[in-house]
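Just so you know, the sequences run in chain order A and B.
Here the numbering used here is used: position 74 in the first sequence is 74, and no number is missing along the way.
Here the numbering used here is used: position 297 in the second sequence is 297, and no number is missing along the way.
Be careful, since some hints might not be right.
Each computed SDA-like pair below joins lysine to any residue, with the alpha-carbon atoms no more than 20 Å apart [to be verified]:
hint : chain 1 : residue 1 : chain 2 : residue 2
1    : A       : K27       : B       : P153
2    : A       : K91       : A       : K207
3    : A       : K27       : B       : I356
4    : B       : K27       : A       : P147
5    : B       : K42       : B       : L123
6    : A       : K207      : B       : A150
Derived CB-CB ranges, DEER-like [stated by the list, open to error]:
hint : chain 1 : residue 1 : chain 2 : residue 2 : range
7    : B       : D19       : A       : E115      : 44 to 52 Å
8    : B       : K229      : A       : K270      : 34 to 42 Å
9    : B       : S11       : A       : Q48       : 27 to 35 Å
10   : B       : S11       : A       : P107      : 36 to 44 Å
11   : B       : G43       : A       : H13       : 54 to 62 Å
12   : A       : E53       : B       : E132      : 42 to 50 Å
Source of the hints: derived by calculation from the structure; they are not laboratory data.
Ideal placement from N, C-alpha and C gives every residue a C-beta, glycine not left out.
Protein chains: 2
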Amino acid sequence: MSEPILDITQSPHKKAKPDPEHLSFGKVFTDHMLTMEFSRDKGWHSPQIVPYEPVSLDPAAMILHYGQTVFEGLKAYRGADNQILLFRPKKNFERLNRSSDRMSIPPVNEELMLEYLKQLISLEKDWVPAAEGTSLYIRPFIIATEPNLAVAPSYSYTLMIILSPVGSYYPEGIHPVSINVESEYTRAVRGGTGTAKTAGNYSAAYKAQERATEKGHAQVLWLDGVEKKYIEEVGSMNVFFKIKGEVITPELSGSILEGITRTSIIEMLKDWKIPVSERKITMEEIHQAYEEGTLEEAFGTGTAAVISPIGELHWEDKAMVINHRQTGELSRSLYDTLTSIQTGKLEDPYGWTIKID
Amino acid sequence: MSEPILDITQSPHKKAKPDPEHLSFGKVFTDHMLTMEFSRDKGWHSPQIVPYEPVSLDPAAMILHYGQTVFEGLKAYRGADNQILLFRPKKNFERLNRSSDRMSIPPVNEELMLEYLKQLISLEKDWVPAAEGTSLYIRPFIIATEPNLAVAPSYSYTLMIILSPVGSYYPEGIHPVSINVESEYTRAVRGGTGTAKTAGNYSAAYKAQERATEKGHAQVLWLDGVEKKYIEEVGSMNVFFKIKGEVITPELSGSILEGITRTSIIEMLKDWKIPVSERKITMEEIHQAYEEGTLEEAFGTGTAAVISPIGELHWEDKAMVINHRQTGELSRSLYDTLTSIQTGKLEDPYGWTIKID
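If we strip away everything but chain A, and leave its shape as in the complex, we get (with noise of 0.2 Å):
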């Protein structure tokens, strides 16, 4: 069991902060960051939060040949009084030991994760923008410490967690992208690790994204691996489609990715009193909507966009404007109400936001 306090060493140097005006995403770290190891007789212990510095790893370290590693993303925001709002955070810790377990890493504890996050987020109060759009983005991330080229488990793990402030993901406010549904490469399939936060899924995306990016398309929408026909991911995100008055999101099938934004949008929606529907979508279904002008709004969801509205979607030999490629009112309602919530600006009806002293 890990030790409820954490050792803190203060940074001795103070780095300038990044124009708020001009941040990106996830280039700039704060000064400090939290740390925690794994050892097979220790369990996880000796958490403490040290300056941010580069991590030392033999060069057999197990991360570096076979991938057994998880992360998670989630933000901070300064909300209009000037407090510091989480959002959701245990959800995180959770997804966390869901993916580790698919990925043989030992479980961490959730609620003292939490409590570690909250220390750490309060020593970097300052680092937390203030600016429309802005946040504090977290990646805690685990990966596997052990110097040995056998293909197993590791036998230690190190835990840390890095801060990045980020700007807003649309500069100018949001905007529909164009689309590629990709037929040939594949993102997951059932039985394997699409269900995971884990490294291995997103490098193996880079290929199909090439090709998008080659066509002068913003994201790959992904179909399933093995009938390649049902919409699974658009991007890194969870994907969801309003057909005549109904909003549907693919079903977790084995192979998606459980987003915390795609829950917290569900619920918003069951809320509105939206028809909202998990199941199974085909390409051929959206696009029998889209000639029948059903296809109303398209949109992703994840921490890094909140919602990116989907304006142009082509598959195969077709191309889909929606909506005239303009921010549908579903979205932006959504946008604005998820983002007012996360800043505190509107109050939190769901209990989702938890504030920092």
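Got chain A sorted already, so can you dock chain B onto it with the hints?
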């Protein structure tokens, strides 16, 4: 273009060499390693041999988050007259580049890499063990080093080659093992990364391996991710079956690694005038051959074990004992001949081995 000259920094301390009679796999490393850097402006540059030491990575280095990495595995053998031999090393660098292409990593100069490797082995020649079945395992790998949480190919990479003296895979000689046919978890699927030697494929297999171990089996036999019907690999090896005098191995379907031992075995069988075919093969066909008494031998092939005979195959509720759990005549001949070529005990009729001066 990389420079042809290799900087060498000698290690001030020489480690004690492990007992050649008690070598394990991949836990002990030699005094030096090779490193080379890639940047967008310089390409691959600064190849050097340095003391074996920890690698320092920014906590945001892309390898730790999105798994953009490839690796290789090959061996150097000490021959009877003390000469050091490499087995088809060019094939490894060719495959490294194919893996890199799939993972959006820039290619290396294969000829130059081989020259660098020869220099490294030459410097570390005293680390190549001489005892029967031992060798120096060579692990080249490339990792994405850019500190950036954006989900995209890295701007910078480090290539490393580390060396580990390894024992015989079979301290008591080769012996057939029991295999569990996995019907839930998937190693790879067409359109995925199964043909690339990349980290994520390996840790993705741990869960199924744990299940096999719990049931008392040594390894997992993987079926295709689409129909869960066609045989793909066994553990992290290619797989061969001998049925009624014919040797069959799954064809390279787009989710199977193109093993260099696999290629060599196929070439040897053709040379020996033994019928060999690369084609789709189902578990149903294997089971039928077993029922008819025509399933004569089965074995895995890979760099680590060379040949790993399969003594038992467990598929759903069916248990198949192959060749009375004994190493088959063909498996034995292939193992003896190939290892004798690799170590220079037998003249190499194929031009596969390369001597290091």
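Taking the hints in turn, this is what the structure says about them:
For the given pair, A:K27 sits about 14 Å from B:P153 by alpha-carbon distance, which is consistent with the 20 Å threshold. Restraint check for A:K91 and A:K207: not satisfied, since their Cα atoms lie roughly 31 Å apart, outside the 20 Å limit. At most 20 Å may separate the alpha-carbon atoms for a hinted pair to count; A:K27 and B:I356 exceed this at roughly 45 Å. For the hint linking B:K27 to A:P147, the alpha-carbon distance of about 7 Å falls within 20 Å, and the restraint holds.
Of the supplied pair hints, the one linking B:K42 and B:L123 is violated, its CA atoms being roughly 27 Å apart against a limit of 20 Å. Between A:K207 and B:A150 the alpha-carbon distance is near 15 Å, which keeps this suggested pair within the 20 Å criterion. Checking the proposed 44 to 52 Å range against B:D19 and A:E115 shows it holds: the Cβ atoms sit about 48 Å from each other. A hinted range of 34 to 42 Å for the beta carbons of B:K229 and A:K270 is consistent with their spacing of about 40 Å.
In this structure the hint that B:S11 and A:Q48 lie 27 to 35 Å apart at CB holds, the actual value being about 32 Å. Between B:S11 and A:P107 the Cβ separation comes to about 40 Å, which falls inside the hinted range of 36 to 44 Å. With their beta carbons about 34 Å apart, B:G43 and A:H13 fall outside the hinted range of 54 to 62 Å. Between A:E53 and B:E132, the C-beta spacing of about 47 Å keeps the proposed range 42 to 50 Å intact.
Checked against the numbered hints above, the structure breaks hints 2, 3, 5, 11 and satisfies the rest.
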